[in-house]
Amino acid sequence: MFSSSTRFTSTSLRRLLVISASSIHTPAPIAISKPFLLPRSTFIPQPRFFSSKMTCHAVQIAKHGDSSVLAYVEVPKPSPKPDQVLIKVHYAGVNFIDTYQRSGLYPQPMPFILGREGSGEIVEVGAEAEGGFKVGDRVAFSGPSSYAEYTAISTLTVAKLPDNISYEKGAALLIQGLTAWTLARQAYKIEKGDWVLVHAAAGGMGLLLCQIAKLMGAHVIGTTSTDAKAELARKNGADYVINYANGYDPVIEKINELTGGKGVHVVYDGVGAATFDTSLKVVRRLGTVISFGNSSGAVPPVNILRLSEKNIRLMRTTLYQYLTTREEFERLSSELLQLVAENKLDFAVHKVYPIQEVKQAHDDIESRKTTGKLLLKI
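Convert by adding 81 to the 1-based position in the sequence shown; the result is the number in the numbering used here.
Keep in mind the hints are simulated off the structure, nothing from the lab. Backbone N, C-alpha and C define an ideal beta-carbon position, used for all residues, glycine too. Hints should not be assumed to be uniformly reliable.
What the hints assert, rightly or not - Here are the computed distance ranges between Cβ atoms for each label pair:
hint, residue 1, residue 2, range
1, LYS432, PRO157, 40 to 46 Å
2, TYR153, PRO190, 17 to 23 Å
3, LEU388, GLU438, 20 to 26 Å
As the list claims (entries may be wrong) - Simulated crosslink set (DSS-like; lysine-lysine; CA at most 27 Å straight-line):
hint, residue 1, residue 2
4, LYS343, LYS250
5, LYS250, LYS215
6, LYS335, LYS169
7, LYS425, LYS295
8, LYS458, LYS425
9, LYS295, LYS316
10, LYS295, LYS450
11, LYS273, LYS391
12, LYS158, LYS169
13, LYS391, LYS425
Kindly generate the complete structure, drawing on both the sequences and the hints.
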């Protein structure tokens, strides 16, 4: 009837379908004043949209920039690979690394879903997933794309939550908790009697480091910018707190006074550019300076000869180099969770934001006016 070269337009195809439909219903000719047209969707292909079950909401960026680039959008719901689990996220932690990735300090491919940790319920388990997880397990996790209703991640850094640890607390503890724990037990192993300096002692990381150092029997010195923050640091284990609102010279003088001019055994510096020189000045001979954050900006290039003045050990750590295997993660996370379950560590949550208010959460953490952990409720 038609040759292989016959071409159909949408109009001719619609007419053909009308004729075919008429001939099926009756063999007799029918006078039609108006042609009967089938619904357009029956013969003109439509764009494919995901159903509600195939999509979820997430905070995504399309370019690097300030908090204005954050967008709450609909995205395809992830499907777990064989070695992954799919988690319905209840809470996501807000960390400085999220702001570094958003701003471009740590460049990311676009578009990019933010978030590095959270808590939730496992809703699907890949056939090759390790760890003995099952659907319904309550978990905390450290992994990508936690600013979303669902995330699919490897079980390498997923931990089951004890019954007495809530989803809210679970979302607050892994990145900061494991960072603090590895800093105190791996980067520099705190011993009883050590002098320990913690910069930004009233921040989420600072509060945890003060608590852990105190548990280890150290003399803990903290730095803060306000009296209110100083009081909070003391409540979390700091023996001495120095206010740096008027500069860092008073910090150096006070530490020399407290340590008899020897300096501290270790400095934990998550502030970066603003405190780095002070850290080198107050550490003792053969002491250790550990840089683990850039909240005031990245540390500029260092003349390595400066370390030879006191044979200083300088380290720039990253958490995930301590968590390269499932065995490493299980050992460290189980130690941390046990401390939390036994109420030996307290994770202070400063504020919980609805995920739609993520811009405010980023503005708040970057202001350095918060204390404790910031969370997003998904």
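Quiz item: Does the structure keep LYS250 and LYS215 at a Cα separation of 27 Å or less?
Solution: Roughly 21 Å between the alpha carbons, so the hint for LYS250 and LYS215 holds.
Quiz item: Within 27 Å, alpha carbon to alpha carbon, are LYS391 and LYS425?
Solution: 35 Å, violated
Quiz prompt | Hint consistency between LYS343 and LYS250 [alpha-carbon to alpha-carbon, up to 27 Å] | solution = Judged against 27 Å, a Cα distance of about 39 Å means the pair is violated.
Exercise. Confirm or reject the claim that LEU388 and GLU438 have a C-beta distance inside 20 to 26 Å.
Key: For LEU388 and GLU438 the Cβ distance comes to about 44 Å; the hint is violated.
Quiz item: Given the proposed pairing of LYS295 with LYS450, does the C-alpha separation stay at or below 27 Å?
Solution: At roughly 24 Å apart (the allowed maximum being 27 Å), LYS450 and LYS295 satisfy the hint.
Practice problem: Could you tell me whether the CB distance from TYR153 to PRO190 stays inside 17 to 23 Å? | Solution: 20 Å, holds
Quiz item: Keeping to a limit of 27 Å between CA atoms, is the pair of LYS158 and LYS169 held or broken?
Solution: 11 Å, holds
Quiz item: Going straight from one Cα to the other, do LYS273 and LYS391 come out at no more than 27 Å?
Solution: This hinted pair holds, its Cα atoms lying about 22 Å apart.
Practice problem: May I ask you to test the hint 40 to 46 Å on the CB atoms belonging to LYS432 and PRO157? | Solution: Hint violated: Cβ distance 30 Å, outside 40 to 46 Å.
Quiz item: Is LYS458 within 27 Å of LYS425, Cα to Cα?
Solution: 26 Å, holds
Quiz item: Holds or violated: are the alpha carbons of LYS335 and LYS169 at most 27 Å from each other?
Solution: 49 Å, violated
Practice problem: Take a quick look at whether LYS295 and LYS316 sit within 27 Å of each other, Cα to Cα. | Solution: 11 Å, holds
Comparing the model with each earlier hint shows violations of hints 1, 3, 4, 6, 13; every other hint is respected.
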